[in-house]
Amino acid sequence: MTGSQQKFAQTNQSLDEMVAAMREINMQSGKISKIIKVIDEIAFQTNILALNAAVEAARAKRVWVSRSLPMKCATPAQAAGDTAELIEESIAKSNGGKVKVDQVATAIRIVTEESAKVKTLVDEVNLGSQEQTRGIEQIAKAVIQMEQLTQATAAGAEESAAAAEELNAQSEALKDIVERLTVMAGGGETVAPR
1 MTGSQQKFAQ
11 TNQSLDEMVA
21 AMREINMQSG
31 KISKIIKVID
41 EIAFQTNILA
51 LNAAVEAARA
61 KRVWVSRSLP
71 MKCATPAQAA
81 GDTAELIEES
91 IAKSNGGKVK
101 VDQVATAIRI
111 VTEESAKVKT
121 LVDEVNLGSQ
131 EQTRGIEQIA
141 KAVIQMEQLT
151 QATAAGAEES
161 AAAAEELNAQ
171 SEALKDIVER
181 LTVMAGGGET
191 VAPR
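Its first residue numbered 1, the sequence shown is counted upward by one per residue in the numbering used here.
By construction, these hints were calculated from the structure, which means they are not laboratory data.
Straight-line C-alpha distance at most 30 Å; calculated BS3-like pairs for lysine-lysine:
#  : residue 1 : residue 2
1  : K100      : K37
2  : K100      : K31
3  : K7        : K98
4  : K98       : K31
5  : K93       : K31
6  : K117      : K7
7  : K37       : K98
8  : K100      : K117
9  : K93       : K34
10 : K98       : K34
11 : K7        : K119
12 : K119      : K100
13 : K98       : K117
14 : K93       : K37
15 : K7        : K100
16 : K34       : K100
Distance windows between CB atoms, simulated:
#  : residue 1 : residue 2 : range
17 : V55       : A20       : 49 to 55 Å
18 : K37       : N12       : 34 to 40 Å
19 : V101      : G135      : 49 to 55 Å
20 : K117      : T83       : 49 to 55 Å
All figures in this text were calculated on a predicted structure; none of them were measured in a lab. Note that the Cβ used here is the ideal one computed from N, Cα and C, for glycine as well.
Just need the whole structure built from these sequences, with the hints factored in.
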């Protein structure tokens, strides 16, 4: 595995971990949302109890209790509502972040797959180049062998031509000798040497 392949593998692993973390955050946000709804319900019930207590205090002529109790109970209800709103915003942003992370993860996976395809093509081109180089080397060796064979054939032809010339000279000499012998044996004319 090359360095870039290792980096892509590490990036994919990090993305998988980040996507898993975003899912976990999403699940936790859902749980928090449920808890906030329970708190909101408790605050609502507390308000109802405070109003009932204020009504009872008013009937009992305790004015300060009937006025202050609903206001004191409204504060936690408002805080619970504000907290719920903030958490809902956080959940929405978390969901948006998860969508973006998923998009980035998909894009990086596509880039990784395309890079792997490019690497495969480069490897194939490299292999083809190596095979082509070996083929060229074999052709060069064959040309050298043909050149050597041609030189050997030319040298052999020169030697054959020289040998043929020598044989021709020897055959002329033998012809002269035969003619002389023929003349001597027949008692005829003397042939001058050539």
